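*Asks:* One letter stands for each residue in the lines below.
Number of protein chains: 2
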Amino acid sequence: MNASEFRKRGKEMVDYVANYLEGIEGRQVYPDVEPGYLRPLLPAAAPQEPDTFEDIINDIEKIIMPGAASPACTELETVMMDWLGKMLELPEAFLAGKAGEGGGVIQGSASEATLMALLAARTKVIHRLQAESPELTQAAIVEKLVAYSSDQAHSSVERAGLIGGVKLKAIPSDSNFAMRVSALQEALERDKAAGLIPFFVVATLGTTTCCSFDNLLEVGPICNKEGLWLHIDAAYAGSAFICPEFRHLLNGVEFADSFNFNPHKWLLVNFDCSAMWVKKRADLTGAFRLDPTYLKHSHQDSGFITDYRHWQIPLGRRFRSLKMWFVFRMYGVKGLQAYIRKHVQLSHEFESLVRQDPRFEICAEVTLGLVCFRLKGSNKVNEALLQRINSAKKIHLVPCHLRDKFVLRFAICSRTVESAHVQVAWEHIKEMAADVLQAERK
Amino acid sequence: MNASEFRKRGKEMVDYVANYLEGIEGRQVYPDVEPGYLRPLLPAAAPQEPDTFEDIINDIEKIIMPGAASPACTELETVMMDWLGKMLELPEAFLAGKAGEGGGVIQGSASEATLMALLAARTKVIHRLQAESPELTQAAIVEKLVAYSSDQAHSSVERAGLIGGVKLKAIPSDSNFAMRVSALQEALERDKAAGLIPFFVVATLGTTTCCSFDNLLEVGPICNKEGLWLHIDAAYAGSAFICPEFRHLLNGVEFADSFNFNPHKWLLVNFDCSAMWVKKRADLTGAFRLDPTYLKHSHQDSGFITDYRHWQIPLGRRFRSLKMWFVFRMYGVKGLQAYIRKHVQLSHEFESLVRQDPRFEICAEVTLGLVCFRLKGSNKVNEALLQRINSAKKIHLVPCHLRDKFVLRFAICSRTVESAHVQVAWEHIKEMAADVLQAERK
Ligand SMILES: Cc1ncc(COP(=O)(O)O)c(C=O)c1O
Ligand SMILES: Cc1ncc(COP(=O)(O)O)c(C=O)c1O
Numbered sequence: 001m002n003a004s005e006f007r008k009r010g011k012e013m014v015d016y017v018a019n020y021l022e023g024i025e026g027r028q029v030y031p032d033v034e035p036g037y038l039r040p041l042l043p044a045a046a047p048q049e050p051d052t053f054e055d056i057i058n059d060i061e062k063i064i065m066p067g068a069a070s071p072a073c074t075e076l077e078t079v080m081m082d083w084l085g086k087m088l089e090l091p092e093a094f095l096a097g098k099a100g101e102g103g104g105v106i107q108g109s110a111s112e113a114t115l116m117a118l119l120a121a122r123t124k125v126i127h128r129l130q131a132e133s134p135e136l137t138q139a140a141i142v143e144k145l146v147a148y149s150s151d152q153a154h155s156s157v158e159r160a161g162l163i164g165g166v167k168l169k170a171i172p173s174d175s176n177f178a179m180r181v182s183a184l185q186e187a188l189e190r191d192k193a194a195g196l197i198p199f200f201v202v203a204t205l206g207t208t209t210c211c212s213f214d215n216l217l218e219v220g221p222i223c224n225k226e227g228l229w230l231h232i233d234a235a236y237a238g239s240a241f242i243c244p245e246f247r248h249l250l251n252g253v254e255f256a257d258s259f260n261f262n263p264h265k266w267l268l269v270n271f272d273c274s275a276m277w278v279k280k281r282a283d284l285t286g287a288f289r290l291d292p293t294y295l296k297h298s299h300q301d302s303g304f305i306t307d308y309r310h311w312q313i314p315l316g317r318r319f320r321s322l323k324m325w326f327v328f329r330m331y332g333v334k335g336l337q338a339y340i341r342k343h344v345q346l347s348h349e350f351e352s353l354v355r356q357d358p359r360f361e362i363c364a365e366v367t368l369g370l371v372c373f374r375l376k377g378s379n380k381v382n383e384a385l386l387q388r389i390n391s392a393k394k395i396h397l398v399p400c401h402l403r404d405k406f407v408l409r410f411a412i413c414s415r416t417v418e419s420a421h422v423q424v425a426w427e428h429i430k431e432m433a434a435d436v437l438q439a440e441r442k
Numbered sequence: 001m002n003a004s005e006f007r008k009r010g011k012e013m014v015d016y017v018a019n020y021l022e023g024i025e026g027r028q029v030y031p032d033v034e035p036g037y038l039r040p041l042l043p044a045a046a047p048q049e050p051d052t053f054e055d056i057i058n059d060i061e062k063i064i065m066p067g068a069a070s071p072a073c074t075e076l077e078t079v080m081m082d083w084l085g086k087m088l089e090l091p092e093a094f095l096a097g098k099a100g101e102g103g104g105v106i107q108g109s110a111s112e113a114t115l116m117a118l119l120a121a122r123t124k125v126i127h128r129l130q131a132e133s134p135e136l137t138q139a140a141i142v143e144k145l146v147a148y149s150s151d152q153a154h155s156s157v158e159r160a161g162l163i164g165g166v167k168l169k170a171i172p173s174d175s176n177f178a179m180r181v182s183a184l185q186e187a188l189e190r191d192k193a194a195g196l197i198p199f200f201v202v203a204t205l206g207t208t209t210c211c212s213f214d215n216l217l218e219v220g221p222i223c224n225k226e227g228l229w230l231h232i233d234a235a236y237a238g239s240a241f242i243c244p245e246f247r248h249l250l251n252g253v254e255f256a257d258s259f260n261f262n263p264h265k266w267l268l269v270n271f272d273c274s275a276m277w278v279k280k281r282a283d284l285t286g287a288f289r290l291d292p293t294y295l296k297h298s299h300q301d302s303g304f305i306t307d308y309r310h311w312q313i314p315l316g317r318r319f320r321s322l323k324m325w326f327v328f329r330m331y332g333v334k335g336l337q338a339y340i341r342k343h344v345q346l347s348h349e350f351e352s353l354v355r356q357d358p359r360f361e362i363c364a365e366v367t368l369g370l371v372c373f374r375l376k377g378s379n380k381v382n383e384a385l386l387q388r389i390n391s392a393k394k395i396h397l398v399p400c401h402l403r404d405k406f407v408l409r410f411a412i413c414s415r416t417v418e419s420a421h422v423q424v425a426w427e428h429i430k431e432m433a434a435d436v437l438q439a440e441r442k
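Going line by line, the protein sequences match chains A and B. Going by full-length UniProt numbering, the first sequence opens with residue 1, and the numbers climb by one from there. Going by full-length UniProt numbering, the second sequence opens with residue 1, and the numbers climb by one from there.
Worth flagging that the hints you see were computed from the coordinates, not collected in a lab. Worth double-checking, as some hints may not be accurate.
As the list claims (entries may be wrong) - Restricting the straight-line Cα-Cα distance to at most 25 angstroms, the calculated cross-link-like pairs of lysine to any residue (SDA-like) are:
id, chain 1, residue 1, chain 2, residue 2
1, B, K167, A, L162
2, A, K442, A, R388
3, A, K8, B, G23
4, B, K144, A, H127
5, A, K86, A, N215
6, A, K323, B, L21
7, B, K8, A, E22
8, A, K167, B, R309
9, A, K144, B, A140
10, B, K11, A, F53
11, A, K169, B, E143
12, B, K144, A, R128
13, B, K8, A, A18
14, A, K394, A, A420
15, A, K169, B, G286
16, A, K394, B, R27
17, A, K62, B, R7
18, A, K167, A, A140
19, A, K8, B, L21
20, A, K11, B, R7
21, A, K62, B, S391
22, B, K169, B, S155
23, A, K169, A, A364
24, B, K323, A, F6
25, B, K8, A, I24
26, B, K394, A, A18
27, B, K323, A, E12
28, A, K11, B, M1
As the list claims (entries may be wrong) - Just the calculated beta-carbon pair ranges, DEER-fashion:
id, chain 1, residue 1, chain 2, residue 2, range
29, B, K405, A, S70, 22 to 30 angstroms
30, B, P40, A, Q387, 22 to 30 angstroms
31, A, E254, B, S175, 52 to 60 angstroms
32, A, Q185, B, I24, 47 to 55 angstroms
33, A, E431, B, M65, 23 to 31 angstroms
34, A, S70, B, I362, 25 to 33 angstroms
35, A, P172, B, S414, 52 to 60 angstroms
36, B, S414, A, I60, 17 to 25 angstroms
37, A, G100, B, G100, 45 to 53 angstroms
Bear in mind the structure is a predicted one, so any value in this text is a computation, not a measurement. Glycine included, every Cβ here is placed at the ideal spot set by N, Cα and C.
Please model the entire structure based on the sequences and the hints provided.
*Replies:* The structure is reproduced here in C-alpha cells:
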C-alpha cells in the first residue's frame, strides 16, 4: 500500500470507527452466532494473490461483526494460525483444523512463548513422575529438572529457566554456531548420571547473534527418544520458511512439541504478534487451568471452543489476528514470499560487497537477512568502527560477540529497503573504516 | 471527544503517519538527545483542566519525535507513571522522581504484574535466606515458600503461585468479603509452626466478584513486621483513587512493596495498559537480570536510564505511555474524576432501584461501579433469571458466587452510559424477573 492509498484507506477506517461508535446503541450486546461459526466462512488457506482492500473490509462487516469480539476474536485467531501454519508447511499435528489436538496462539513475544513451553513441559514431567512415584513432591522433582539450549540461544531462554525455577545448561555450539547432537547427548548423559532429570530442550532456528541454525534433524530424534519437550525458537527466521527454498531450514519440526516465531519481526505484521503452535493443546492448557465462576460460560465443555486465556500468562487479550488477516490478504502468499526474497537477496548483495574488500571478513554463513562482518584485526579496531558508524547516525548497527570476536551485524529489515540503500550504507561503512584504520596507524 | 471531532482528528493522524512514512529517509536513524532529556520538558504533574488536541500534537513534534522510539518510549512511560502515581497520591517512595529508588512500569495485564511481584519476592527471600545459611539450595527454600491472598482474590494470583512453583493459601474473608488480619495471622502462625516460609501477600482492593476491599491498614503492618512482600491488586478499583473521596480506600498502600491497577479497565486508556509501581526498582530488576552483548548499550550503567525489559516478562515493548499522555491531557484530572464519579453515582442509582423492590436483595456493599444483586430465593431461580436476561441480549450480565449464593453483577463500565440506560436496564430486569417468578410458580 503506497502513501496515497494509505491516506484514503486510513480515513475510511476513521469514519468506520466513528460510525460504529455513533450507532452502537442499535447493536446487540451479545452475538447471535454459535461457537465454530467462523471457520466455515473462511477459505482453508491464505490467498496466493492479493485481495483488494474493499473485499477485506466487506468481509469485516459480513464475517467479523456478527461475531463481535467474542467468539470472532478467538476463532479468527485459530484460523489465522492455521493459515500461517500451512504457509510454513507445519506438520498437520500443529494445526487446529476442525478437531485436531494441536493449534496455534498469538503470544505477545517469543519470551512468553518459550516460558509457556517450559511451564507446560515442567507440569507434564511432574505429572508423569508423580504418576510413577506418588511419594515425590513437586519440589523434589523441580530441584532436579534441567533444560537445555545452545550457548547461542537468546537470553529469554535463560530467563524462562529462572522463572520456572529450573536449571538451564548451555550446550557448546559447533564452529558454525549450531547445536549438534553429540554435545547435547554428552550433557544429557552427564546430567542423568548425576541424578538430574532432563526435561526440556530449546532449539534455535536463526540465532540472534548470527542467524545460525541448530541441527534439528539431529537433535529432534534424541528429544523424542528421551521424552524431552522440544521447543523451537525461530523468532526472526521463522518468516522465511514460507518460501519453499528456505523451508528445508525447518526440517525436523516434526520432532518438536512447540514452535514459535515472530511475524512482527519479518512478516509485515505490526508489533506485537508472536506466533506459537503446539502439538497438544492440552499440554499448554494443563499447565495452569483455573475456572472461577466469573469466567465460566455455557460453551465451556463443548470441545468446540478454545479458551486462549489458558494458553498464556495474561488473562485479557487483544484482537491481534485481524492484523494477520489484513496482511495475509493484502499481500497474498506470493507477495509475502517476494518480500522475504528481496531482503535475503539484499543481504547477499551486502555480503558480496564485504567479501570484495580484503580488509573485511564475513564471520558467519549468510542465510537470511543478517550479515555478520568485521575488519580483519583486533576487537578494539572493530569497536572503534562501530562507535564511529553509530555516532555518525547515518545508519545504525547492533554488534555481537561470536566466541571472542567483536562482530558488526548488518540487518536488512526495513519494509522499504532497496539496493541503493545497501550501496550507500556500504560506502559509508568503508569511509568510516578508512578513518578508523588511519587513526590506528598513527 | 465527540464523533465529528474524532473524524477530524483521526484523519489528521492518518495524514501525520503517511507524512512521516513518506519523509522517513530525511530523518536521522538515531536521536541526538541524551538520556534523561524528556522529564525537564514536561510538567511535573498531569493538568487539572483539559489541554487542546493541538497542544498535544505540537508536543509530539517538539518533545517525542526528537527522542524517537528510544529513549522517548521509556522516558515518557516513567514520567506518565509518576503523573498517575501523583493522581493517586501514592507515597513518594513509589515514584521515580529524578533519582528515586521506586517507579512505575506499564505491564500488559494485572496477571503479569502479580506474577512479576511474586517472582521478585521469591528471588528476594531466596537471597536473604541464602545469605543467612549459604548451604540452603534454592529448591530447598522454594519448597517451603507460601504466598497468601484472600479467598476472594482473582484467579491470576493462584496462577502466579503455580508458575512460581510456590504454595498459595487462600485466607477466609470476613462477612464483607474482606481479608482481615486475624485470619491472616492465624495462617502465618500455623504455617511457620509447620516449618514453612511465608514470603508474599496479595491484598485485593476491589475484588472481581463483588468489589470488596481487603483491610490494608490491618494487613499491611503485619506484612512489614514479618518481612513479607505485600502486593496490592486493585485492577479495577484503582482508577477511583484519583478522586479524593475514594482515596481513603487506598490507605495502607504505604505498607506495600508493589501496587497495580489497570487504567484500561476504568480510566479511559485503551486496552492494554496495566500500571504497576514498586518501592524498590532493584527488587524487580533483580528477579532476572541478564545482559547479553546485543542488548548492551553505552548508557547502561549511568543510573540515568531505566531498562524496562528487566521489569517484565516480554523483551519487546510498545509505546503505551502515549495513550496515557493523550488521555490525561485531553480529559485533565478533573475530567477523569468526573468520569469516575458519574459511574459511581449511576451504580448507586441502580442500587436504590433494586432496594426499592422487595423481591430483590443487594448482596454486597456498593462502593464503586459494581452492584451485586439477586432475587430473594434459590440459586436456581437466579440462574434462570440470568439465563433469561442474557438470552434476550438487550443487556449482558456476568454472574458470580458469593459464598454459596449465585449472584448477578450489574457493572457500570461504558464510556457513554447515562441514567436513561440504567433505568431501561432495570425495567428490563424487572420484566425478566416477573417472567421467571411466574414460571416458577407454575
Ligand atoms: C532468536 C530469538 N529469540 C527470542 C527473541 C526475543 O523475542 P521477544 O522480544 O519477542 O521476546 C529474539 C529477539 O530478538 C530472538 O532473536
Ligand atoms: C481484581 C482483579 N485482579 C486481576 C484481574 C486480572 O486482570 P488482567 O486481565 O489484567 O490480568 C482482574 C480482572 O478482571 C481483577 O478484577
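*Asks:* All hints are to be evaluated individually against the structure, with a verdict given for each.
*Replies:* Going down the list of hints, with the structure as the test:
{"no.": "1", "hint": "K167/B with L162/A", "verdict": "holds (18 angstroms)"}
{"no.": "2", "hint": "K442/A with R388/A", "verdict": "holds (17 angstroms)"}
{"no.": "3", "hint": "K8/A with G23/B", "verdict": "holds (18 angstroms)"}
{"no.": "4", "hint": "K144/B with H127/A", "verdict": "holds (20 angstroms)"}
{"no.": "5", "hint": "K86/A with N215/A", "verdict": "holds (23 angstroms)"}
{"no.": "6", "hint": "K323/A with L21/B", "verdict": "holds (19 angstroms)"}
{"no.": "7", "hint": "K8/B with E22/A", "verdict": "holds (15 angstroms)"}
{"no.": "8", "hint": "K167/A with R309/B", "verdict": "holds (22 angstroms)"}
{"no.": "9", "hint": "K144/A with A140/B", "verdict": "holds (11 angstroms)"}
{"no.": "10", "hint": "K11/B with F53/A", "verdict": "holds (18 angstroms)"}
{"no.": "11", "hint": "K169/A with E143/B", "verdict": "holds (22 angstroms)"}
{"no.": "12", "hint": "K144/B with R128/A", "verdict": "holds (22 angstroms)"}
{"no.": "13", "hint": "K8/B with A18/A", "verdict": "holds (10 angstroms)"}
{"no.": "14", "hint": "K394/A with A420/A", "verdict": "holds (14 angstroms)"}
{"no.": "15", "hint": "K169/A with G286/B", "verdict": "holds (21 angstroms)"}
{"no.": "16", "hint": "K394/A with R27/B", "verdict": "holds (9 angstroms)"}
{"no.": "17", "hint": "K62/A with R7/B", "verdict": "holds (24 angstroms)"}
{"no.": "18", "hint": "K167/A with A140/A", "verdict": "holds (13 angstroms)"}
{"no.": "19", "hint": "K8/A with L21/B", "verdict": "holds (15 angstroms)"}
{"no.": "20", "hint": "K11/A with R7/B", "verdict": "holds (8 angstroms)"}
{"no.": "21", "hint": "K62/A with S391/B", "verdict": "holds (22 angstroms)"}
{"no.": "22", "hint": "K169/B with S155/B", "verdict": "holds (12 angstroms)"}
{"no.": "23", "hint": "K169/A with A364/A", "verdict": "holds (24 angstroms)"}
{"no.": "24", "hint": "K323/B with F6/A", "verdict": "holds (22 angstroms)"}
{"no.": "25", "hint": "K8/B with I24/A", "verdict": "holds (20 angstroms)"}
{"no.": "26", "hint": "K394/B with A18/A", "verdict": "holds (22 angstroms)"}
{"no.": "27", "hint": "K323/B with E12/A", "verdict": "holds (22 angstroms)"}
{"no.": "28", "hint": "K11/A with M1/B", "verdict": "holds (17 angstroms)"}
{"no.": "29", "hint": "K405/B with S70/A: 22 to 30 angstroms", "verdict": "holds (27 angstroms)"}
{"no.": "30", "hint": "P40/B with Q387/A: 22 to 30 angstroms", "verdict": "holds (27 angstroms)"}
{"no.": "31", "hint": "E254/A with S175/B: 52 to 60 angstroms", "verdict": "holds (58 angstroms)"}
{"no.": "32", "hint": "Q185/A with I24/B: 47 to 55 angstroms", "verdict": "holds (49 angstroms)"}
{"no.": "33", "hint": "E431/A with M65/B: 23 to 31 angstroms", "verdict": "holds (28 angstroms)"}
{"no.": "34", "hint": "S70/A with I362/B: 25 to 33 angstroms", "verdict": "holds (29 angstroms)"}
{"no.": "35", "hint": "P172/A with S414/B: 52 to 60 angstroms", "verdict": "holds (58 angstroms)"}
{"no.": "36", "hint": "S414/B with I60/A: 17 to 25 angstroms", "verdict": "holds (22 angstroms)"}
{"no.": "37", "hint": "G100/A with G100/B: 45 to 53 angstroms", "verdict": "holds (52 angstroms)"}
In terms of the numbered hints stated before, the structure departs from none.
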